[in-house]
Amino acid sequence: MAFLRYSLAAPFVLALILSAAIFSGPSALAQVAVRGETVHTMAGPPIKDGVVVIRGGKIEQVGPASQVKIPAGYKTLSARVVTPGLIDAHTVVGLAGYLNQPHDQDQLESSSPIQPELRAIDAYNARERLIEWLRGFGVTTIHTGHAPAALVSGQTMIAKTRGDNIDEAVITPSAMIAVTLGNAGVAPAGRAPGTRSKAVAMLRAELLKAQDYVAKWNEAPADKKPARDLRLEIFGRVIKGEMPLLVNVHRAHDILAALRVSKEFNIKMVLDGASEAYLVADHIKAAGVPVILHPMMYRAAGEGENLSMETAAALRRAGLSIALQSGYENYVPKTRVVLFEAAVAAANGLSFSEALATVTIDAARILGISNRVGSLEAGKDGDLALFDGDPFEYTSHVTGVIIDGQVVSQQSR
Amino acid sequence: MVCALLCAAATALAQDKPQAYTGAEIIPIYGPVIKNGVLVVHKGKIVAVGSVGATAIPPDAERHDATGKIIMPGLVDTHSHIGGGSGGDSSAALQPDVRIMDSINARDTGFQRAQAGGITTANIMPGSGHLLSGQTIYVKYKDASTIDDLLIRDAQGNIAGGIKMANGTNSIRSSAPFPGTRSKSAALVREMFVKAADYRDKVRSARAGKEKMPTRDLALESLADVLEGKRVVHYHTHRHDDILTALRAAKEFGFRIVLHHVSEGWKVADEITRAGAPASLTVVDSPGGKIEALDASFETGAALERAGALVGFNTDDYITDSRFFLRSAALAVRAGMSREKALYGLTMAGARMLDLQGRIGSLEVGKDADFILLSGDPLSVYTKVLETYVEGVKVFDRANAKDRLYAVGGYGASRDQVVHLHEEEDR
Numbered sequence: 001m002a003f004l005r006y007s008l009a010a011p012f013v014l015a016l017i018l019s020a021a022i023f024s025g026p027s028a029l030a031q032v033a034v035r036g037e038t039v040h041t042m043a044g045p046p047i048k049d050g051v052v053v054i055r056g057g058k059i060e061q062v063g064p065a066s067q068v069k070i071p072a073g074y075k076t077l078s079a080r081v082v083t084p085g086l087i088d089a090h091t092v093v094g095l096a097g098y099l100n101q102p103h104d105q106d107q108l109e110s111s112s113p114i115q116p117e118l119r120a121i122d123a124y125n126a127r128e129r130l131i132e133w134l135r136g137f138g139v140t141t142i143h144t145g146h147a148p149a150a151l152v153s154g155q156t157m158i159a160k161t162r163g164d165n166i167d168e169a170v171i172t173p174s175a176m177i178a179v180t181l182g183n184a185g186v187a188p189a190g191r192a193p194g195t196r197s198k199a200v201a202m203l204r205a206e207l208l209k210a211q212d213y214v215a216k217w218n219e220a221p222a223d224k225k226p227a228r229d230l231r232l233e234i235f236g237r238v239i240k241g242e243m244p245l246l247v248n249v250h251r252a253h254d255i256l257a258a259l260r261v262s263k264e265f266n267i268k269m270v271l272d273g274a275s276e277a278y279l280v281a282d283h284i285k286a287a288g289v290p291v292i293l294h295p296m297m298y299r300a301a302g303e304g305e306n307l308s309m310e311t312a313a314a315l316r317r318a319g320l321s322i323a324l325q326s327g328y329e330n331y332v333p334k335t336r337v338v339l340f341e342a343a344v345a346a347a348n349g350l351s352f353s354e355a356l357a358t359v360t361i362d363a364a365r366i367l368g369i370s371n372r373v374g375s376l377e378a379g380k381d382g383d384l385a386l387f388d389g390d391p392f393e394y395t396s397h398v399t400g401v402i403i404d405g406q407v408v409s410q411q412s413r
Numbered sequence: 001m002v003c004a005l006l007c008a009a010a011t012a013l014a015q016d017k018p019q020a021y022t023g024a025e026i027i028p029i030y031g032p033v034i035k036n037g038v039l040v041v042h043k044g045k046i047v048a049v050g051s052v053g054a055t056a057i058p059p060d061a062e063r064h065d066a067t068g069k070i071i072m073p074g075l076v077d078t079h080s081h082i083g084g085g086s087g088g089d090s091s092a093a094l095q096p097d098v099r100i101m102d103s104i105n106a107r108d109t110g111f112q113r114a115q116a117g118g119i120t121t122a123n124i125m126p127g128s129g130h131l132l133s134g135q136t137i138y139v140k141y142k143d144a145s146t147i148d149d150l151l152i153r154d155a156q157g158n159i160a161g162g163i164k165m166a167n168g169t170n171s172i173r174s175s176a177p178f179p180g181t182r183s184k185s186a187a188l189v190r191e192m193f194v195k196a197a198d199y200r201d202k203v204r205s206a207r208a209g210k211e212k213m214p215t216r217d218l219a220l221e222s223l224a225d226v227l228e229g230k231r232v233v234h235y236h237t238h239r240h241d242d243i244l245t246a247l248r249a250a251k252e253f254g255f256r257i258v259l260h261h262v263s264e265g266w267k268v269a270d271e272i273t274r275a276g277a278p279a280s281l282t283v284v285d286s287p288g289g290k291i292e293a294l295d296a297s298f299e300t301g302a303a304l305e306r307a308g309a310l311v312g313f314n315t316d317d318y319i320t321d322s323r324f325f326l327r328s329a330a331l332a333v334r335a336g337m338s339r340e341k342a343l344y345g346l347t348m349a350g351a352r353m354l355d356l357q358g359r360i361g362s363l364e365v366g367k368d369a370d371f372i373l374l375s376g377d378p379l380s381v382y383t384k385v386l387e388t389y390v391e392g393v394k395v396f397d398r399a400n401a402k403d404r405l406y407a408v409g410g411y412g413a414s415r416d417q418v419v420h421l422h423e424e425e426d427r
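In order, the protein sequence lines correspond to chains V and L. Residue numbers for the first sequence follow our numbering, so the first one is 1 and each next one is one higher. Residue numbers for the second sequence follow our numbering, so the first one is 1 and each next one is one higher.
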């Protein structure tokens, strides 16, 4: 059995070596231009016959071909449709690998219900083949980390879908603290938290301790600071408003419980999954909390049994800030693709540009990285996806992907 | 289902007068697309199909304007797990006596969703955790309150269905009576068929008056059906060598086989074609999730089409949602399959895999009036299934609020849904 596994892995390893060779080329300072029949900049109306000029990994100019000239010596690609590189606002790839064997599944530590000190960067495998898979479909940035099922499972991270290691890939090493409420956050029988109420009580107790810890640190003189506590230190950043809790929750009443905690401690929060958000959209809006919504094709079962393909549209109409995610899959398929999920949102109530925003600029804003990615504007990262037709059509293809000015894929996918 | 009375009334109405759907673009599957077409159905059967003007519409027919819409046959899903059914238990690796029909909840909302996806016929199967997990059933997705309402029967009244087998890792477990290796899996299957052949021979001999009829054995009885070609083996298989192992067994014992999932089918497309084995593909959004599916590809459909194999599709619902069945074919087209063969794969190929090609799978006079109305190109993400008809009866109408709830989801859309076991395994 072991032999078979290794022999199967061999071509995969070879592919990684080859891709490593591509990445390590002298292309960091590449000068690239892309000409598109339609360029969706997400920073204004689409540009017909548009040009995006990239230099040193950053976008230098964007505009109609009549106004923006491609400098001599630039590698030039063409496409029917050009969009910003896509952003997957929540996934677990890089921690959860495609083999789905114990040695490539680091998305959940179940030894204790509250472990915010666990960092995604300490498990992220930049060479994971699922990352390559997402990249092939235009996904250039991922917010990844721990899977739902523990009350507090760890710190998420944001990375580009390129690079051989975490340092080359990472944008935000510690983005949010992943929390799960509702039935999914309840521990197996005999262990705490055993109920929804207990889970909320435990989370509140932890936040109280963190408040106390922050106060002690602030009050203590420089030479008498309390001993460092990794757990309270990271929760302290939440208390100080420096990072949000990412709360995976599906039922309407569990969403309200999450908002209650957010208000009590005056902390930033992002809702994750949120199948029944359409029932309590006004409450979410009043709380000013954005939503990273479940995949549109997510299975309607368990706590997500009431999900709807029209929720993205419903939340958008209610004035909420939303992004889409590929989510967590424990079997087959091992990951979803946000391009496909946004397509279903576009077919179920969102306009084309609204749907595209859920996987570009709106996702970037929710993740706090819109200064770098999410739209095609001078000064932002040179991250682009190229298509041979409507990006959302099942039968269209991604024809090129550019990350930080490097052409990372020209396969038709 | 809540509208049992209304539905019954509608059924009666639908049976009384011919119904003519005019002005649609008709994709009949058996022939070229008809631009300005008319489909006439009566008493649950198709009575005319052709272009407007060249097709006689009975004077008493009720006319329905379908201008701007597309009509195609109801979709055929060759592999689904909806209805919360179960197959064999953990007592044996081979359980041919077990019937999934004895465990289906006909009120499961999964059936309503499948109607919303345009599926009218399906093969509902037990899982792949056994070498042989039980007998499958071929059903029509009617509005039903009992399993009997859904069953398809042949002219003699026999219940139509196949048998579910699996090889590779799903059916390998750590302790007996389950196999621990692929070779052991194959050996157990061969031993079973040797016994079954012996039983079949005894029955034949008894029928010829040469010996006493053997004591009735439910397991061997269903296997004898397999060996006589009355029951097709639906074989779950992923890896290229497992595909060949399944084909080897089929050849040795002479049973009829349909390959399911066929993740690495692109590696052995010629062998599959030479064996004459149809392939039913599950199209999922990424490879992996299990080692056998590492090399799963959107391109399998195109590779098998090029080699000349009969290619169909399945939802494997819950693996993919029945409401997205059209998408499976569209993704195969994205990766190089022809549009014509992809649409054939959703309909007629599936009908052939279930031995129902004489009744369903295409819009031809005399076939069952199973058809769908679409808002546009069947392979477009923006297209909606507007109406679904089974034997002339409308079972889904997107304009109906309740049906629309099943189509898009929302509060209460899963009521009566049987929670799938995998949720409990997660915990």
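It is worth saying that the hints were derived from the structure and are not from the lab. Careful: at least some of the hints might be erroneous.
[Stated by the list, open to error] Short derived list, chain L residues pointing at chain V, Cβ under 8 Å: (1) G68; (2) I70; (3) A197; (4) Y199; (5) I291; (6) V408; (7) G409.
Virtual Cβ for every residue (Gly too), placed ideally from N, Cα, C.
Quick rundown of the hints versus the structure:
1. G68: This hint is violated: G68(L) lies away from chain V, its Cβ roughly 18 Å from the closest one there, beyond 8 Å.
2. I70: 16 Å, violated
3. A197: Hint violated; A197(L) Cβ to chain V Cβ min 32 Å, cut 8 Å.
4. Y199: Cβ of Y199(L) sits 35 Å from chain V, so the hint is violated.
5. I291: OK, holds: I291(L) within 8 Å of chain V, min 6 Å.
6. V408: Where the cut-off is 8 Å and the nearest Cβ of chain V is about 5 Å from V408(L), the hint holds.
7. G409: Cβ of G409(L) sits 4 Å from chain V, so the hint holds.
The structure does not agree with the numbered hints 1, 2, 3 and 4 stated previously, though it agrees with the rest.
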